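Engineer: The working numbering runs 4 ahead of the 1-based position in the sequence shown.
Certain hints may be false.
What follows is a list of derived Cβ distance ranges for each label pair [as the list claims (entries may be wrong)]:
1) Gly11 <-> His34: 32 to 42 angstroms
2) Asp57 <-> Thr30: 28 to 38 angstroms
3) Arg8 <-> Thr30: 28 to 38 angstroms
Read the hints as simulated data drawn from the structure, not as lab findings. On a predicted model such as this, the values are computed, not experimentally measured, just so you know. A virtual CB, placed ideally from N, CA and C, is assigned to each residue, including glycine.
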Amino acid sequence: MRYRLFGKHTGLRVSELVLGTGSFGTGWGHGAEPEEARRIFDAYADAGGNFIDTANGYQFGQSEEILGDLLAGRRDDFVLATKFTMRTDPAAGILVTGNSRRAMV
């Protein structure tokens, strides 16, 4: 696996290949069940991958739930890239979603 520095001042070294987790879960009616997601994740990690893309909207939140289980006990070995602008729960208020400081902190 090849790596690059993530930005000039972070000190983080990330794999050039990023694992996208949009297919982890079946909330959208298709995708990888948790067992298949584990096989994908383990193959990526075993190859030296350490950079993971996620979002709270992937598979209506199932993706991040699965990813949380997969990262248990080894979270410090990975760098996560996520998004925070999508509102996945229609009942959630405007101040708990999106780009507001309150939503991000």
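Engineer: All hints, please: hold or fail.
Structural biologist: Status of the hints after comparison with the structure:
{"no.": "1", "hint": "Gly11 <-> His34: 32 to 42 angstroms", "result": "holds, 34 angstroms"}
{"no.": "2", "hint": "Asp57 <-> Thr30: 28 to 38 angstroms", "result": "violated, 19 angstroms"}
{"no.": "3", "hint": "Arg8 <-> Thr30: 28 to 38 angstroms", "result": "holds, 33 angstroms"}
In summary, the structure is inconsistent with hint 2 from the numbered list given earlier, while agreeing with all the others.
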